[in-house]
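Chemist: Given next are the chains, with one letter for each unit.
There are 2 protein chains.
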Amino acid sequence: MNSSYAQKKADLRSVLTVYGRKSVLEALTDEMLSCQTLHMADSNRKGGIIADIEQRAAARGVPVRLHTRDALSRISRNGKQDQGVALDIACPAFAALDQGWLQARLVGSKAPLTLLAMDGVTNPQNVGMIIRSAAAAGVDGIIYPDKGLAALGPLVIKASVGTVFRAPLLRCERLLPALRLCQAQGIEVSYLDGNADNSIFEQAGAGHRVYVLGGETHGVSAEIRELADTALSIPMAGGVESLNVAVSAALVAYASQRR
Amino acid sequence: MNSSYAQKKADLRSVLTVYGRKSVLEALTDEMLSCQTLHMADSNRKGGIIADIEQRAAARGVPVRLHTRDALSRISRNGKQDQGVALDIACPAFAALDQGWLQARLVGSKAPLTLLAMDGVTNPQNVGMIIRSAAAAGVDGIIYPDKGLAALGPLVIKASVGTVFRAPLLRCERLLPALRLCQAQGIEVSYLDGNADNSIFEQAGAGHRVYVLGGETHGVSAEIRELADTALSIPMAGGVESLNVAVSAALVAYASQRR
Chain D
0 MNSSYAQKKA DLRSVLTVYG RKSVLEALTD EMLSCQTLHM ADSNRKGGII
50 ADIEQRAAAR GVPVRLHTRD ALSRISRNGK QDQGVALDIA CPAFAALDQG
100 WLQARLVGSK APLTLLAMDG VTNPQNVGMI IRSAAAAGVD GIIYPDKGLA
150 ALGPLVIKAS VGTVFRAPLL RCERLLPALR LCQAQGIEVS YLDGNADNSI
200 FEQAGAGHRV YVLGGETHGV SAEIRELADT ALSIPMAGGV ESLNVAVSAA
250 LVAYASQRR
Chain L
0 MNSSYAQKKA DLRSVLTVYG RKSVLEALTD EMLSCQTLHM ADSNRKGGII
50 ADIEQRAAAR GVPVRLHTRD ALSRISRNGK QDQGVALDIA CPAFAALDQG
100 WLQARLVGSK APLTLLAMDG VTNPQNVGMI IRSAAAAGVD GIIYPDKGLA
150 ALGPLVIKAS VGTVFRAPLL RCERLLPALR LCQAQGIEVS YLDGNADNSI
200 FEQAGAGHRV YVLGGETHGV SAEIRELADT ALSIPMAGGV ESLNVAVSAA
250 LVAYASQRR
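Residue numbers (numbering that gives the first Met the number 0), protein chains in the order written: chain D, 0 to 258; chain L, 0 to 258.
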């Protein structure tokens, strides 16, 4: 029973449910996406964009399930904005961040493992840009906690220019225990800090490492600074005191892959 | 007469005029800025924020000049949004991009000269972020044409988090002749193109070079592709097809300084 529950939970981690009529229609139109199930509220009026959605789903052979309005809200997790429509998209690059995943990757990897984490980045525009850049750089995983980060919803998806569906998101509940888990597997935890002595350009890519980027307002939280093994900086000239967090993430992600 | 006119024009190039009551008050409050002259419309009603602006200017010894509403519009170049207030800020790192500047810098430089240019980047948010990142990386100049780029105004200043006042902006009228001038001085012109064979990480920093970044919608224009000596790409993994232009600019700027 337990292992089947764990399996189901792991499966849920690799599904992203999008909602809203326009977002769902767009996703159904993207041939690169693996659409699993279309969920519709039985209260939806027929015709218009609802008819377009149904036609597109039928053409692609995507099964449709009807729900009460309440049940649909629980599926979309956003009853206020789902407009009675939700779509499950399979994201095979997603994984639940747990000991099993880490061990499998560490055994199999020839190059140093590079993970990226965000601590309190609440602007979905930045989160989406970070996912896009990190995926482009080829990092092994982007830790995505359910709490303390912009929700994995339409704004993040839009800002990622759709790259989120193919990005290696490592999903977990909260960041701190996830970082402890990484540390226990011998992965160094480093956070970015403009005042740190060591530069990412000297240190990046030297060993298994998770890079933690702090939020726009408060930076990296005290408890994560406490936990971390090292602090790293991006050198700045010209009297500039800080960089945009999405820019920092891109520099870190590419630096980690350049050794 | 001619040389005095040229001198005056060059001086104007190293002044940035901000406008709007809140922006002007903010600038007057920033001790790092060299505020030259406060311009006020004689129609401004006294008191409130106008009184704050006058007090702050007096405390810093910034001279005040009164103008008719029309004359003030010509100074701010934005009569609709200046709210009767404009402030000249001296930006000593600004220069007019001409043969003299290029020759002086090429003679004096031990390291390869790195310039950054934007072609048709119309989103002020991106332009501001690019200036901030390029200044932080320590590039030698950011070419800023009067035409074909988001106006050097409040939105760009805000997105740059104020770094624009200290950034090495090379001002000119249009980008194409400016690039020809660079080329005539032996500076290689390279544009960024996702499909180019050569990676910036292999090539950057190898010689004097100006990197041209294309706009959000159309990329680098045909006439600049034609003119350019080389095309360079940022390698992308994970099926990602492009990067945000501000992210690309940061990667290019830092790569150029890492040799």
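These are computed hints drawn from the structure, not numbers from a lab. Each hint should be verified, as a subset may be incorrect.
As the list makes no split between identical chains, a pair holds if one copy fits it or if it spans any two.
To be verified - Calculated cross-link-like contacts (lysine to aspartate or glutamate; reagent style DMTMM-like; alpha-carbon spacing at most 25 angstroms):
no.	residue 1	residue 2
1	K157	D192
2	K21	D228
3	K109	E25
4	K21	E215
5	K21	D196
6	K45	D97
7	K157	E225
8	K146	D228
9	K157	E240
10	K109	E172
11	K109	D29
12	K146	D196
Chemist: Are the hints correct? Go through all of them and say.
Modeler: Each hint tested on the structure:
1. K157 x D192: Classified as between; 23 angstroms across copies, 28 angstroms inside a copy.
2. K21 x D228: This pair counts as neither: shortest intra-copy Cα distance 45 angstroms, inter-copy 43 angstroms.
3. K109 x E25: Close neither inside one copy (38 angstroms) nor across copies (53 angstroms); limit 25 angstroms.
4. K21 x E215: Classified as between: cross-chain Cα gap 23 angstroms, same-chain 30 angstroms, threshold 25 angstroms.
5. K21 x D196: neither (48 angstroms within a copy, 37 angstroms between copies)
6. K45 x D97: neither (43 angstroms within a copy, 65 angstroms between copies)
7. K157 x E225: neither (34 angstroms within a copy, 33 angstroms between copies)
8. K146 x D228: within (23 angstroms within a copy, 49 angstroms between copies)
9. K157 x E240: between (29 angstroms within a copy, 15 angstroms between copies)
10. K109 x E172: neither (29 angstroms within a copy, 52 angstroms between copies)
11. K109 x D29: neither (34 angstroms within a copy, 51 angstroms between copies)
12. K146 x D196: Intra 30 angstroms, inter 41 angstroms, cutoff 25 angstroms: neither.
Consistency note: the structure conflicts with the earlier hints numbered 2, 3, 5, 6, 7, 10, 11 and 12.
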